[in-house]
Every structure is written in structure tokens, then in C-alpha cells.
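If you're matching them up, the sequences are chains E and L in order. Residues 55 to 165 in our numbering are what the first sequence lists, from first letter to last. Residues 101 to 249 in our numbering are what the second sequence lists, from first letter to last.
Hints listed in this document are in silico derivations from the structure and should not be mistaken for laboratory results. All residues carry an ideal CB built from backbone N, CA and C; glycine is no exception. A couple of the hints might just be wrong.
As the list claims (entries may be wrong) - List time: in silico DSSO-like cross-link candidates among lysine-lysine, alpha-carbon distance up to 27 Å:
1) Lys116/L with Lys140/E
2) Lys84/E with Lys164/L
3) Lys121/E with Lys160/L
4) Lys116/L with Lys137/E
5) Lys102/L with Lys185/L
6) Lys121/E with Lys84/E
7) Lys160/L with Lys185/L
8) Lys160/L with Lys84/E
9) Lys116/L with Lys84/E
Said to hold, decoys possible - Just a sample of chain L residues kept apart from chain E, beta carbon distances all over 10 Å, derived:
10) Lys102
11) Glu106
12) Asp170
13) Thr178
14) Asp179
15) Glu229
16) Leu240
Chain by chain, the residues run as shown.
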Amino acid sequence: MIVTSKDYDKAVVMNIEEERLDAHNSNELKNELMNLFEEGKSNIVINLQHVRFIDSSGLGALVSGFKNAGSREGSVKLCALQKQVKSMFELTRLHRVFEIFPGEEEALASF
Amino acid sequence: MKNLLEVDIKVPNQTKYLRLIGQIGENVAGTLQKFNNSDPEELAYHINLVLTEAMANAIKHANKNDPDKDVHISINLTDDQLSIKVYDQGQGFDISSGDIVTPDPELEHGRGVFLIRTLMDSVKYRRCEKGNVLEMHKLLHKTSNNTKD
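Bound-form chain L, shown alone (with noise of 0.2 Å):
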């Protein structure tokens, strides 16, 4: 598993950021282009969404909006997955795991976890050393005439 490209950066815990963060992500996608998951510019609004919506519960939820406190976000991209940490320095937040249900449309929240688990292949989230972390997975499949790249 060849690691061709990694990111990492802490910033504060501040929703400002997060068009910052969520830009990185689209960057990031702009790199898969020999990959056929979806198209460049339906994957770039998924891994912008779902660095947004992680971030966000981090900030909100986790670290409770405490300006002291930081969120750290790893991105890692290897020949056959695209993996996103997101660490917070809070109690954690409610992260279902049964099967992926789509929420009421006429419910004003609880969309964000949905999101992440429907369009990321895997999702964990632990304790980690200084609070959690969120760990999402995108398999990444190459196209069948440039395998050999």
C-alpha cells in the first residue's frame, strides 16, 4: 500500500474553518483523478461534505464550541483508500452503528452522521489519547485501462 500523499493540520475550534478544511478536502479529490469512484467533481463535494460535517460535529458536539480547545484533521491517501482522521478533545459525541437509515426529511437535524456513513466505506469513531477520533475509509478503485499508473 504505496502512501502518495498526506495532510495534517490542527486549527482552531471555530466553524470559520471549516470552508478552510472543507477546500483541502476538494484539493485532495482533485489528486484521484485516475480513479473511477464517481466523477472529479460529484467526489470533491463528498469529501468537502464529509470534512465538513465531521468537523463540525468535532467543534459542536465534542469540544462543545470551547474556543480553547483545536481539532486535528489527518488525511491520508494510499494507492487503493482515501482516509480521513478527525481527532476532537471532548466527551465524544452519539455516532449510530446499526444499519444506515435516512432521517425523517421533516427533522431539522441528525443528517450529518448519515451523510458521513453513506458516502464514506467505513466509519469508526474511539477514544483516542487527548479525546476521540472519527476514522472514515473511501475504498478507491482504479480504472480498468490505467491499472498500470
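Looking at chain E on its own, in the form it has when it is part of the complex (with noise of 0.2 Å):
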């Protein structure tokens, strides 16, 4: 999986350089987080500018993210879902869950 950090004052952005986020990667992501929380990074925000489709395990990766960022006090909030995206965020609920922002500005200054 492709995915450039950048440390921000606040909170580290995380940009997933992938078209799709599904069963055959979503793991790499839980990793990719879990490197970011060991390294006392747990304010983040995800830019999924790049995704144009996930699916389930997708959606399991950045609840169990989400999860394990409020358990050390931090956050992980979206930024840029694509169309589709975003409305599979709203069928199964977790738009009620994350934050979700129009872009990575507007997600930074939320913190």
C-alpha cells in the first residue's frame, strides 16, 4: 500500500496514494496507523482524495483506527471522500462516527 505522512503542528496527514481500500489491503492501513500511534502520533487525519472505492474491511481499518486513536486520547478524522465514497460512509452509518471534512485545511484547523 502506498501512503506519504506529513507532520503538521497539530496532527499528521495521512494520504493514501490508492484507487481501492478492500480486503486485499485494509491490514497495511491498520498497520500503517498503528506505526503512527507507537510513534505517540494519534491525532490524524486521512486524505482519501485518491480512493474511489472501499468496501467493508476499508471501513473496518479506519473504524479500528478511530477506535485506537480515542484510546490514547487522540483522533482520526477524513478528509476528501470521493462521491461513492461518502455514501457508503452514510449506508452503513459512520459518517455519524468520523469527522469528515471537505479537505485537509479545514480537518487541521479542527483540531
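From the two separate chains plus the hints, produce the assembled complex.
Here you go:
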């Protein structure tokens, strides 16, 4: 999985450079998030601008990160969701769990 | 019931093939422009998703990630429905048959079957010769102004 991360004052922005987030690569996303937590970084913005497709495993990996961040008094927030990806969050009611922003700037400003 | 399209494919029991199968589903959905179930982009996503979820369940839960097993997928399009069958070679997995209930949003697992049952009109899982088959159907409604096509 290709992921790039950039540190800002209040949070890390993780950019997922993949078109699909599914059962083939969702464990890698969990591991990438776990690596950040182990570095003491628990406020994270995940930029999903490149993700065109997400399945239940991809959603599960994001929920896992959300819960892990919460247990470390941090937070995982999302930004730049494509239309169909956003509709998956609505269908599964996950839009009520995650804070979702149009872009990185708005997400970073919320910390 | 006119048979318009039939796709039969057997792939190794590996998640790296999810993308391929999902893409085939999107391409099949692309032939459904004359139906008004939903907008074409949404329908393509839903077919991709249903195939991805069904195949991931077959690989992980039924075939237990055994690399020597296969998953067989059959997509059949008639003039009034899209049928998808996903055959596994394992002991099967649990697919609830009661009311469709949205899973607790804070759970990490349990959304796959919910998504399949929500997006398809009928879903059955039964034993077959070499394992089990997940049978899913979506009814297609023609738009009123091109029913003579």
C-alpha cells in the first residue's frame, strides 16, 4: 500500500495513494496507523482523495484506527471523500462516527 | 427472459484478484445504461462492491485462505435481472436471514453481508456439489421511454 504522511503542528496527515481500499490492503492500512500510534502520533487526518472504492474491510480498518486513536486521547478524522465513498459512510452510518471534512486545511483547523 | 450476457470466471483463492473481479462487475454494470435502477456510476460501484464482498467472504471465511482452492464467479444478465453466483469450496459462513439491521457503527467487522443484503434484492446461501454458493439477484427496471428497446 502506498501511503505518504506529513507532520503538522497539531496532527499528521496521511494520504492514501491507492484507488481501492479493500480486503487485500486494509490490514496494511491498520499497520500504517499502528506505526503512527507507536510513534506517539494519535491525531491523524486521513486524506481519501485518491480512494475511488472502499469495501467493508476498508471501513473496518478506519474504525479500528478511530478506536485506537480514541484510546490514546487522539482522533482520526477524514477528508476529501469521493462521492461514492461518502455514500458508503452514509449507508453504514459511519458518517455519524467520523468527522469528515472537504479538505486537509479544514480538517487540520479542527484540532 | 432473454439472456443478454453471461460471464463465468474462476480465480485463485487470493484477495489480490478482488480488484479484477470488481472491475469486471463495473464493466457489466456499464452495459445496463438503459435501466433506471440508479445512476450508472452508483450502480457500477454497487456491483463492484457486492462482488468484492462476496468474493472476500468466500476467500477468507469459506475457503479459509487456502491457496489451493478457487473461487468461481458467474454473472448472468437477462432483460429483467442481474444474477451473481459466487461458489466457494469450503464449509461455508454464516449469513443471517432475518431483518436487515445496520451493524453498530463502532464495530470493526460485520458490514460485508449487510452491504450485500442491502444492495441486492434477494440473497441466498446454499450447499452445492463442491461447497457452497452465494446467489444474489438484482431486479432491473427499464425506463418508461425505452421499454421497446
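Taking the hints in turn, this is what the structure says about them:
{"no.": "1", "hint": "Lys116/L with Lys140/E", "result": "holds (24 Å)"}
{"no.": "2", "hint": "Lys84/E with Lys164/L", "result": "holds (21 Å)"}
{"no.": "3", "hint": "Lys121/E with Lys160/L", "result": "holds (24 Å)"}
{"no.": "4", "hint": "Lys116/L with Lys137/E", "result": "holds (25 Å)"}
{"no.": "5", "hint": "Lys102/L with Lys185/L", "result": "holds (18 Å)"}
{"no.": "6", "hint": "Lys121/E with Lys84/E", "result": "holds (11 Å)"}
{"no.": "7", "hint": "Lys160/L with Lys185/L", "result": "holds (17 Å)"}
{"no.": "8", "hint": "Lys160/L with Lys84/E", "result": "holds (18 Å)"}
{"no.": "9", "hint": "Lys116/L with Lys84/E", "result": "holds (18 Å)"}
{"no.": "10", "hint": "Lys102", "result": "holds (30 Å)"}
{"no.": "11", "hint": "Glu106", "result": "holds (25 Å)"}
{"no.": "12", "hint": "Asp170", "result": "holds (17 Å)"}
{"no.": "13", "hint": "Thr178", "result": "holds (26 Å)"}
{"no.": "14", "hint": "Asp179", "result": "holds (26 Å)"}
{"no.": "15", "hint": "Glu229", "result": "holds (26 Å)"}
{"no.": "16", "hint": "Leu240", "result": "holds (20 Å)"}
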